[in-house]
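Visitor: Chains as they are written, first to last, in the numbering used here: chain Z, 1 to 333; chain U, 1 to 170.
Fair warning: there could be bad hints in the mix.
To be verified - Ranges between beta-carbon positions, derived for each pair:
#1 Gly-65(U) x Met-81(Z): 34 to 44 angstroms
#2 Glu-119(Z) x Asp-88(U): 19 to 29 angstroms
#3 Ala-222(Z) x Ser-143(U): 47 to 57 angstroms
#4 Ala-247(Z) x Gly-167(U): 33 to 43 angstroms
#5 Val-173(Z) x Gly-167(U): 58 to 68 angstroms
#6 Gly-90(U) x Gln-96(Z): 19 to 29 angstroms
#7 Ile-242(Z) x Ser-143(U): 32 to 42 angstroms
#8 Met-239(Z) x Thr-107(U): 18 to 28 angstroms
#9 Lys-88(Z) x Val-119(U): 25 to 35 angstroms
#10 Glu-252(Z) x Val-119(U): 17 to 27 angstroms
#11 Glu-252(Z) x Thr-107(U): 16 to 26 angstroms
#12 Gly-109(Z) x Ser-143(U): 39 to 49 angstroms
#13 Arg-152(Z) x Gly-90(U): 40 to 50 angstroms
The set of hints was computed from the structure by calculation and includes no laboratory data. We put the CB at the ideal spot given by N, CA and C, even for glycine.
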Amino acid sequence: AASYFATEDNKEEGNIFIFNITLQIIQKMNSSSAARRVVNLTNPTVYGLTHQRAYGVNLKELRQRIESVSTITKLTNTMQMVASSRIKAAQRKADQTKSFGMGAEKVLGPIIEGGKKSEGDDPVVLLAVTSDKGMCGSVNGQIVKNARALVRSEPGKYNLMSLGGKGTPLASVFPAQFSMSLKDFGKRDLTFLEVGLAVDRMIKSTENYAEVDVLYNKFKNAVTYVITKEVIPGPKTMMANIDKLSAFEFEEAEETTLRDLFEFEIASNIWIAYHQNKCSELAARMTSMDNATKNANQISAALALDYNRGRQAAITTELIEITSGASALADSE
Amino acid sequence: MLAATRRVISSTPIITSSISRNVIRSRGYADVATDRSLVASLVCPHSPIFIERKVDLLTVPGSAGVFGIAKDHVPTIAELQPGLVVVDEGGKKEKFFVSGGFAIVNTDKTCVVRAVEAVPLDQLDVDAAKRGVQKYTQELATSNDNEAKAKAQIGLDVHRAMCIALGVSA
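Take the sequences, apply the hints, and build the full model.
Guide: Right, here's the structure in full:
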């Protein structure tokens, strides 16, 4: 038997030979359910499965695939429609909230740009603004990548925090530096109060910060969003650069006012960043779900073609067998 | 057309130079109006109230006291207490009640008031303000720990300020 299968010319016959032998063996094993399933494969009434080898196409499998692809198409289409219906309102909100940050950039700008660092090793908080849900393109991946690069470049400097569930991969990469993650933030229409509470928790966790950096996706238009980092210098840094603020008159003690301004600025920046990021998230989800739907439709069309071809081939083969069987009978008579 | 404008442009230097010999500064009416105005903005988290509006005087409730901001005010950073922001424009006054925030007058003479909450004064409910004062006075008296006391104090301050702004006695 071994020598029979060795040669190239009788390879085809060899395959059929094995198939027939296997079939006879399995037909003798009546107790096994697997055997029964294999025997069913030879049942000519189950379309296409008898010709599994010949066409490499399993019609039942194809039907299941077509069903699952159509379910996926429905999901991605719905997600795209939901995102596109929400984006207008989110855009309006992002525009309205953007102006809340006015006025501080001229005060803090000189300190951020050319300022002296404060003494000591106070950490810099890097707050990554991410979304809670996925399927929104590169919005979250971009932030995580950026944050990772920043922390890798200066390992001892940063204290990582994440706003939104999708920032938690950072916790597994930098377990020592990751301190806080806020999930379901702003799930029910974010209020400034909620932001204030988050800042309160943030501030209470460390005595002093040298700086707070807020990393988010700034919304430009429905297809563009840019990674932006807002820097808020800490109270000690501000005091160290008090000469840059010499032009300003303070109604009360400089230190208290600057400390309060620091907390106010963090809240204000988180407020603005959250809305911008939300808008970017919706835009990214809209485009990615749109692409996914298009791809799924293409796959669905290709699968449908394959299924029809397989079905027709099975029917043709059945017909050939019947006619050849009939003619063989007629010949023998 | 171009030739005509060129003639006009070349002629004006002659005119203005003669004037400048006699007068320190020549101003048009439009210049006078902008010269007197302060460019002010009042912004809140949910939306801006007004941005870069030319006003004559802006009165803000600083934590160290109420003060007015006019054009050429010295650059200032002031924290706010609950109170009234009054916008004086051409003789008309607009009043907004703010809960707190910051007022910043920049070196370029623009002013931004960032309030956590700002509502036009006529939208405040007098009865609710009075009730608030009573409620928080009671809470302040009965509370034991520091946090509850602080909350009650804040509530009392805001509602008292509302009553003062509305011109009613608490």
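Visitor: Hint by hint, say whether it matches the structure.
Guide: Right, here's what the structure says about each hint:
1. Gly-65(U) x Met-81(Z): 34 to 44 angstroms: With Cβ atoms ~55 angstroms apart, the hint is violated.
2. Glu-119(Z) x Asp-88(U): 19 to 29 angstroms: 45 angstroms, violated
3. Ala-222(Z) x Ser-143(U): 47 to 57 angstroms: With Cβ atoms ~51 angstroms apart, the hint holds.
4. Ala-247(Z) x Gly-167(U): 33 to 43 angstroms: 37 angstroms, holds
5. Val-173(Z) x Gly-167(U): 58 to 68 angstroms: Cβ of Val-173(Z) to Cβ of Gly-167(U): about 60 angstroms, so the range 58 to 68 angstroms holds.
6. Gly-90(U) x Gln-96(Z): 19 to 29 angstroms: 27 angstroms, holds
7. Ile-242(Z) x Ser-143(U): 32 to 42 angstroms: Holds, since Ile-242(Z) and Ser-143(U) (Cβ atoms, about 38 angstroms apart) stay within the stated range.
8. Met-239(Z) x Thr-107(U): 18 to 28 angstroms: At 19 angstroms between Cβs, range holds.
9. Lys-88(Z) x Val-119(U): 25 to 35 angstroms: 27 angstroms, holds
10. Glu-252(Z) x Val-119(U): 17 to 27 angstroms: The hinted range 17 to 27 angstroms holds for Glu-252(Z) and Val-119(U), with Cβ atoms some 25 angstroms apart.
11. Glu-252(Z) x Thr-107(U): 16 to 26 angstroms: 20 angstroms, holds
12. Gly-109(Z) x Ser-143(U): 39 to 49 angstroms: Holds, since Gly-109(Z) and Ser-143(U) (Cβ atoms, about 43 angstroms apart) stay within the stated range.
13. Arg-152(Z) x Gly-90(U): 40 to 50 angstroms: 58 angstroms, violated
When held up to the earlier numbered hints, the structure conflicts with 1, 2 and 13 and fits the remainder.
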